[in-house]
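Undergrad: Below are the chains, spelled out letter by letter.
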Amino acid sequence: MSNESGSLSLRAENVQSSYRALFEVALSLFERAKDAFFYSSAYLVLVAIAEVVTVTYALSVELNAAPVVVGLVTFAVYMGDRIADVDTDELSNPDQCAFVRRHYRVLSVLSAASYGLAIALSMLGGPLALAITLLPGAFWILYASDWLPSVGAQFSRLKDVLVVNSAVVAAAWAVAVVFLPLAFADAAFTSTAAVVFAYFFVDTFVNTEIPNVGDRAADEAIGVSTLPVVFGVARTRQILHALNLALVPLLGFALLAGLVSTPVTVGILVGVAAVSVVVSFLGRTDNGRLLSVASEAKSLLVVGVVLLASTAGL
Amino acid sequence: MLTTSVLVPLLFLSIAMGAAAAILAWRERPEPGATPLVWLLFGQSWWSMCLVFKLRASTLASKLFWTDLEWVGVVIVPVAWLLFALEYTGRDEYITRRRIALLAVVPVLTVVLAVTSQYHDLLFVRPQTLESTDIVRIEEGGLWYWVIAGYTYLLGAAGILLLLGLLRSKAVTFRSQAVALFVGLLIPWSTNALHIAGALPTSGIDPTPIAFSVSGVVYVGALTQFRLLGTSPAPRKRARQFVFDRMREGAIVVDANDNVVDMNDSCVGILDVDPRTTLGASAQAVIPEYDRLPDDGPLDGHLTVGTEAGSHPYDVMVTRIDNIRGNEIGRVITFHDVSRHLRQQQRLQVLNRTLRHNIRTETNIIHGYVDRFASDEDAQIVKKRALRIEELGRKGRKAIELFENGRAGANPRPLDALVAQCVRDVRERYPRATFSYDSSADDAAVAHFLAPVFSNLLENAAEHASDDPNVDVTARVEDETAVVVVADDGPGIGEYELQVLDAGSENALQHGSGLGLWIAKWGTEIAGGEIHFTENEPSGSVVTVRVPCLAEPADEDGE
Chain A
1 MSNESGSLSL
11 RAENVQSSYR
21 ALFEVALSLF
31 ERAKDAFFYS
41 SAYLVLVAIA
51 EVVTVTYALS
61 VELNAAPVVV
71 GLVTFAVYMG
81 DRIADVDTDE
91 LSNPDQCAFV
101 RRHYRVLSVL
111 SAASYGLAIA
121 LSMLGGPLAL
131 AITLLPGAFW
141 ILYASDWLPS
151 VGAQFSRLKD
161 VLVVNSAVVA
171 AAWAVAVVFL
181 PLAFADAAFT
191 STAAVVFAYF
201 FVDTFVNTEI
211 PNVGDRAADE
221 AIGVSTLPVV
231 FGVARTRQIL
241 HALNLALVPL
251 LGFALLAGLV
261 STPVTVGILV
271 GVAAVSVVVS
281 FLGRTDNGRL
291 LSVASEAKSL
301 LVVGVVLLAS
311 TAGL
Chain B
1 MLTTSVLVPL
11 LFLSIAMGAA
21 AAILAWRERP
31 EPGATPLVWL
41 LFGQSWWSMC
51 LVFKLRASTL
61 ASKLFWTDLE
71 WVGVVIVPVA
81 WLLFALEYTG
91 RDEYITRRRI
101 ALLAVVPVLT
111 VVLAVTSQYH
121 DLLFVRPQTL
131 ESTDIVRIEE
141 GGLWYWVIAG
151 YTYLLGAAGI
161 LLLLGLLRSK
171 AVTFRSQAVA
181 LFVGLLIPWS
191 TNALHIAGAL
201 PTSGIDPTPI
211 AFSVSGVVYV
221 GALTQFRLLG
231 TSPAPRKRAR
241 QFVFDRMREG
251 AIVVDANDNV
261 VDMNDSCVGI
271 LDVDPRTTLG
281 ASAQAVIPEY
291 DRLPDDGPLD
301 GHLTVGTEAG
311 SHPYDVMVTR
321 IDNIRGNEIG
331 RVITFHDVSR
341 HLRQQQRLQV
351 LNRTLRHNIR
361 TETNIIHGYV
371 DRFASDEDAQ
381 IVKKRALRIE
391 ELGRKGRKAI
401 ELFENGRAGA
411 NPRPLDALVA
421 QCVRDVRERY
431 PRATFSYDSS
441 ADDAAVAHFL
451 APVFSNLLEN
461 AAEHASDDPN
471 VDVTARVEDE
481 TAVVVVADDG
491 PGIGEYELQV
501 LDAGSENALQ
511 HGSGLGLWIA
521 KWGTEIAGGE
531 IHFTENEPSG
541 SVVTVRVPCL
551 AEPADEDGE
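Chains as they are written, first to last, in full-length UniProt numbering: chain A, 1 to 314; chain B, 1 to 559.
Hints should not be assumed to be uniformly reliable.
[Said to hold, decoys possible] Not close to chain B: a few residues of chain A, all C-beta gaps over 10 Å, as computed:
1) A112
2) G232
3) A273
[Said to hold, decoys possible] Residues on chain A that point at chain B, a partial pick, calculated with CB under 10 Å:
4) L22
5) V25
6) I83
7) A113
8) L117
9) A120
10) L121
11) M123
12) G126
13) L135
14) G137
15) A138
16) V248
[Claimed, not checked] With the Cβ distance kept under 10 Å, some of the chain B side facing chain A (calculated, not the full set):
17) F12
18) M17
19) G18
20) A19
21) L24
22) F53
23) G216
24) V220
25) L223
26) T231
27) P233
28) P235
29) R236
30) I359
Calculated from the structure, these hints are not laboratory results.
Even glycine gets a Cβ: it sits at the ideal position worked out from N, Cα and C.
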């Protein structure tokens, strides 16, 4: 009897240690996948796709290849940026730089292949879709241009100018997200499109300024003017709140004017609320990176709410 | 017959691969060739894009619009290819704004003619017809069409010629890169050639952009696998020129007709000439005693060249330059200034004579006087020291002879006989010592000047050992290397002495007790070998000399 119970307890211990080992392997795999997901900017691909799907629904155009193209371009541009800045980001983001260095070759080929594929796919949408897809690449070339030194230098200086730096990024992003589905569907730019464009412009502007709070000292040292550098953190919080909440009356007007549907309005308002929460924490937490990711990832929440509200028949 | 349903997916692939390769190449800037390669890939992608839009266009006007725009990509490709080949092979000195502008004249004119094609038939012989296949047929073949086609093929061939050298490169990387580049270029161009010849059933569509899909795959492969722009042959040409220009020896290149075609900076100084007037001149007028120079190989003796700064003797070497068929196309003549070397040789001769004659004379005189004045213990010490001075002089002479013999050449001698002779000589001088010699190197031959090496090792073993020293000598051959081991049962060689030998030189603070071991070390090194010192059990030293075996001696009795 005692032998039997001893053998049973030994078996239980073996099973337990096997489970523990399995759990540790799973945890390690999860950690690695999480690193790859964030450091490779793959999560931004999901964010971009969610935004284009939101636009496609809001503008009532047929689902087309635009979300895939925007996702591919997002991956290519952000990954390309991380590859190009791997030396300068060493101090501010050592883990991400280590990841990029470790997988440099694969990430480099993947990002180039992504852009190549995006360009090829965008041709399905015609010359306008191709031009919009090439736009981020053109900005990229101008940024690093030594072919056109004067233009490149002037363009590079834009990132040092207050508001203009974030506005350029917001405009480029909003153009890609809103105009690409239109180009693919061969649809006209309507008042609804203008409202959606305004939302994404303001949203991206706020998203761009949020990480600037954490980078305040570094930006100030290299002479880059951002809202936190010029106005301080508290005033930046107020400005971003104001910009974010200005979307509420805009959406209310658009809803009343019949420009946007109820599900879209609900979804975007949820997004505005989420950004408000994030902005409230600015300067009040040490985990600035989490705030940036939360602010960007709320697009997944928005598209989820829009689709749910639509399914619920709102 | 190719249809749009087949063509368009292939073109998509071509665009995707071309764009991806262009981005990879862009990231490699400023590596040599990166920027032209980006343009090349941009050109071919543009060409493919316009073809896609042309195929998908629904009206004749828009099809013609895309046909005209296609030309931008068509004309970029050959220019970018040639610029790439120039930059990649290290000929970037030919790439100037002016030359690029000249290269671009024909392409720009072509684009202008394409845009204005409704007013003339220089590029296309119209009319066009919209066929049931949805493909616009353009009867190409206007006068300018053949001009740009010829121009394109001319630049393509020029680029290939520049890259041909890489195919013969010793480095596998460069050969692989060259093969990838050729495949990437030749597939679309052969497709284009077949199209122009009317050999492809493509309904009048130029299928070259489709072949670019293969180029794109090849270029991506070359960039990532063969490090096309990461490992670049560009510096090679410049480095060779740099070495030629900056080498200390003077070098002059003459053609098969004995005219000077190139010379380096040192040679300008040696011959004291103006390169502007010398290049192209007859070598006889430039190089003194030119007729004495051999067709190939070293000049016997020295060549004295006199300039305003004085005259210097030179070792002259003539090296034939052959073409790929083995025919002589010129010669390189190098001048190595030996004046310093000759001065050192003269000094050694003086030193040799002094050591040979003066020291011996002086020690003999000391001997004579000491015998006359005294016979006590002090006199014996003086005589012993005088003998030691004479011995040092003898070793000095041996060292100088060793250097001279080393310079004169190896002159192979049988190892066995050489070592046996040394053992016999030393045995006579040290009768109290017991020598044993064992050889298994019957056929091996070594440099004749190794005799003082073995003699000194044997003397060292016999001289510093106990009253009745035993010295064991063995000679054998291991893998084309002659191994001679001298083992004794004496007090052994001091650690300090070995450290001095290991350091390779002496100074006031660190010096050995004589020249014997130095001679052994120098001689072994001159013969291309190595010498090792270890301790013997229970006492004494083991010295191992390893020198390369030489070919069989020409004269077995020539010791």
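Undergrad: Would you check whether I359(B) satisfies its interface hint, that is, whether its CB is within less than 10 Å of any CB in chain A?
TA: Because about 69 Å separates I359(B) from the closest Cβ in chain A, which is outside the 10 Å limit, the hint is violated.
Undergrad: Verify the interface restraint on G216(B): the C-beta must sit less than 10 Å from at least one C-beta of chain A.
TA: holds, 8 Å
Undergrad: Under 10 Å, Cβ to Cβ, is where V248(A) needs to be relative to chain B, so tell me if that hint holds or is violated.
TA: Cβ of V248(A) sits 41 Å from chain B, so the hint is violated.
Undergrad: Let me know if the C-beta of L24(B) comes in closer than 10 Å to any C-beta of chain A, holds or violated.
TA: holds, 5 Å
Undergrad: For G232(A), which was marked as not at the interface, is the minimum beta-carbon distance to chain B over 10 Å?
TA: holds, 39 Å
Undergrad: With a cut-off of 10 Å on the beta carbons, see whether V220(B) makes it to chain A.
TA: holds, 7 Å
Undergrad: Next item in the hint list is L121(A). Is there a CB on chain B closer than 10 Å to its CB?
TA: holds, 8 Å
Undergrad: Verify the interface restraint on A120(A): the C-beta must sit less than 10 Å from at least one C-beta of chain B.
TA: holds, 4 Å
Undergrad: Do the numbers back the hint for L22(A), that is, is its least Cβ distance to chain B under 10 Å?
TA: Because about 36 Å separates L22(A) from the closest Cβ in chain B, which is outside the 10 Å limit, the hint is violated.
Undergrad: Given P233(B) as an interface hint, is its Cβ closer than 10 Å to any Cβ of chain A?
TA: violated, 21 Å
Undergrad: Against chain A, with CB atoms and a cut of 10 Å, does the hint on M17(B) hold up?
TA: M17(B) check passes; min Cβ-Cβ to chain A is 6 Å, inside 10 Å.
Undergrad: Quick check on L135(A) please, does its C-beta sit within 10 Å of some C-beta on chain B?
TA: violated, 14 Å
Checked against the numbered hints given earlier, this structure breaks hints 1, 4, 5, 13, 15, 16, 26, 27, 28, 29, 30; the rest are met.
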